[in-house]
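Chains as they are written, first to last, in my numbering: chain A, 1 to 449; chain B, 1 to 449.
For the record, the hints were derived by calculation from the structure and aren't laboratory data.
Treat the hints with caution; some may be incorrect.
One copy or two, it doesn't matter: identical chains are merged, so the pair holds either way.
Stated by the list, open to error - Straight line, CA to CA, 27 Å or less: simulated DSSO-like cross-link-like pairs of lysine-lysine: (1) K12 to K253; (2) K424 to K272; (3) K63 to K28; (4) K188 to K63; (5) K392 to K424; (6) K424 to K394; (7) K222 to K431.
Number of protein chains: 2
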Amino acid sequence: MNIVLLSGGSGKRLWPLSNDTRSKQFIKIFKTETGDYESMVQRVYRQILTVDSSATVTIATSKSQVSAIHNQLGTDVGVSVEPCRRDTFPAIALAAAYLHDVQGVPETESVVVCPVDPYVEQDYFEALNALGRCAANSEANLVLMGIEPTYPSAKYGYIIPEEKEAVSRVSRFKEKPDEETAREYISKGALWNGGVFAFRLSYVLQRAHELIEFRDYQDLFKKYDTLEKISFDYAVVEHEPHIEVMRFGGMWKDMGTWNTLTEAMESPSIGKAILNETCENVHVVNELDVPVLCMGLKDMVVSASPEGILVSDKAQSSYIKPFVDAIDQQIMFAEKSWGSFRVIDIEEESMTIKVTLNAGHRMNYHSHERRDEVWTVIEGEGRTIIDGVERKVKAGDVIRMTAGTPHTIIADTALQVIEVQLGKDISVGDKRKYPSPKNTDIDSHKFQP
Amino acid sequence: MNIVLLSGGSGKRLWPLSNDTRSKQFIKIFKTETGDYESMVQRVYRQILTVDSSATVTIATSKSQVSAIHNQLGTDVGVSVEPCRRDTFPAIALAAAYLHDVQGVPETESVVVCPVDPYVEQDYFEALNALGRCAANSEANLVLMGIEPTYPSAKYGYIIPEEKEAVSRVSRFKEKPDEETAREYISKGALWNGGVFAFRLSYVLQRAHELIEFRDYQDLFKKYDTLEKISFDYAVVEHEPHIEVMRFGGMWKDMGTWNTLTEAMESPSIGKAILNETCENVHVVNELDVPVLCMGLKDMVVSASPEGILVSDKAQSSYIKPFVDAIDQQIMFAEKSWGSFRVIDIEEESMTIKVTLNAGHRMNYHSHERRDEVWTVIEGEGRTIIDGVERKVKAGDVIRMTAGTPHTIIADTALQVIEVQLGKDISVGDKRKYPSPKNTDIDSHKFQP
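Isolated chain A, as found in the complex (with noise of 0.2 Å):
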């Protein structure tokens, strides 16, 4: 199976735990069978590799996701990275050139497109294996996945779908309807449009060319910024006469809320946390290190994180992102694809920050132009390159650069270190590159931002 995941999304909605560089799909909060907790886009790609272990995987995204993606996935996935947000005809153009060209997928094979952030079980992935195979070998040139609906939502579009059979023609879309006219819809059999698709590649590939003037990924890519922003659906759903809908029955969920979210948690706190007796349907999830003490709540949602605390009743919490919009706070917290930091400290000429490195990872080799820094090791061991001087240190050691000198630190095993940034205009704009130091025996392909 080729699968594309769409990964988009800002993550004011799940605020305090997602932010401008953390999405929601990265926030881990699913229990594993182990007892560890895991994120929505951890989660699907297990699902996707345990269905379909030959799976080829591609995340199309932007660029300000792809540390995380990579930090939470590791390096073998698939990225499709949009240099720019371009809606989702450029993007699946974009993805589609990726895996013909980049990839190697064979025009004839089929790809399926998908969110990143379903909450579904195994159930979903091998239906969506089936509907790559429909897809395949269907005279359609789209096959949708129709969803059961399980009450009248006003919030998805439908399908009617021509017959009640497995895989049947689509007789009309219908947009986002009101309760009432989705119950009609429903009673004449309407499915639930949950942006899930399949198609031959040669097809996209060759509306990509009708539309739009390129010759390959390479000069997609570099023209990307170009493009017209467009959705799928406008550019080719609605032109295309033979569209297909494939029915699912299955559990599905769409996380788009802290309300859904809490729903799929299996207990009612994740982190530090104490509800007392008089609680009721009270979820809590806590990033810091200190306890979160609840008493006497009824319905309500509170998470704290690096970023804020959020204290919210649940129906309420659907209404929140104009609030975090108003919010006007410098990232406390960021995965990056060598590790992670988080601020610890902020003051007026200074700012702490504790870096976590992942073994066998380090920074970019860089420099500041209006600040010093001073590194302590509290854990761990590796190199650093200062200058040019490489340097292996430990726990304990101090490193002190001056603004100016380039600098790297290497983790030859997971490394943390507090970083005291010192200067009157500190900010994260505020950074020169350098290539790479040759004298170094790490694999390069590692240390892209």
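With chain A fixed as given, assemble chain B onto it according to the hints.
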């Protein structure tokens, strides 16, 4: 006026703002006219000095609060330190001996004793002043303040006066009654007993010498741990036939719980907080640097500090103590006589703290057996003494101390330092103190912990 403020309490009830080292009276929660915040003890101290600028104020407290008292009130305030907890009679006897032998207060003068944490206005301290004058001139040996009840409370003891005059002989004392009995008492003219009373110094010293064998303050201090635990009520009040009560009809609130504390807050929030329009009767006290977003809450208190996060229904918040007792966590924030510290990161073999030293102050000269330390100065100027060698330091300087090396830092201006502690067995108990090196020009009295 000579006034003794009894400052006790562990601070569990106002967690997470209070903890084992920061009692509720030190939380800065009351807005002053200049827009800053002051604590209960700062508010009371300021109010006393406004009413009587020459008042001799003595705080009777335990060792653990001395740092916070000097940090918040400066070094001019008198402090009678109880070497261990021995209930109110030994504490008041010790404070009386301290006033007489250390502060030189004549035996003929009166002393007013009052809890450190009433939430009151100026008129209360004018009443205390009058109470003191009354005790100096009265034939009675004790004059109590009787607060005119505003509702039939079951939380307070009652004083039944003989007459309705401003000052009357006491007819009877009543223990905390149920609400109905309280109503009965009030109909008979009973007053609340707020634990406020005045006496001539000679009287309490005489009672103390009758019950305890001691020469003077130093002697009493030395044998304090051998004294019997006994309350002032039981040891003195119950045996005293000549007691008067003076009425007080002004505002008086006891700030024991989150519920009563939030009633005294001028605005719904302190610190970074956003309350959406559907919040009703919600108070937020946030000591963290990140925002708290509240949506759809009713009758609730939310508080966040380096110690943890409380989210509670206001009525439920009075049952907090057992939950806080069960939280086993190290102190994350403390005020010291020289400034404060905050734990900002904890790992298995390291701990990172932010140390703030007030100008002109310094740490004790000390060493640790089982940890190295690294200081990075992030703000201000000062001097370090490492193994006897003094050196000037300023923002950007890094100082390393290996285990066993005596060290201290002296703040010439306000100073902030990131301290990384490194070792396998980090504990607050691992501290050896040394006498101050002689060649420093800092007043030694400021350097007590």
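Verification of the supplied hints:
no.	hint	verdict
1	K12 to K253	within (19 Å within a copy, 42 Å between copies)
2	K424 to K272	between (37 Å within a copy, 24 Å between copies)
3	K63 to K28	within (21 Å within a copy, 45 Å between copies)
4	K188 to K63	neither (43 Å within a copy, 78 Å between copies)
5	K392 to K424	between (31 Å within a copy, 21 Å between copies)
6	K424 to K394	between (30 Å within a copy, 14 Å between copies)
7	K222 to K431	within (24 Å within a copy, 62 Å between copies)
Hint compliance for this structure: hint 4 is the single one not met.
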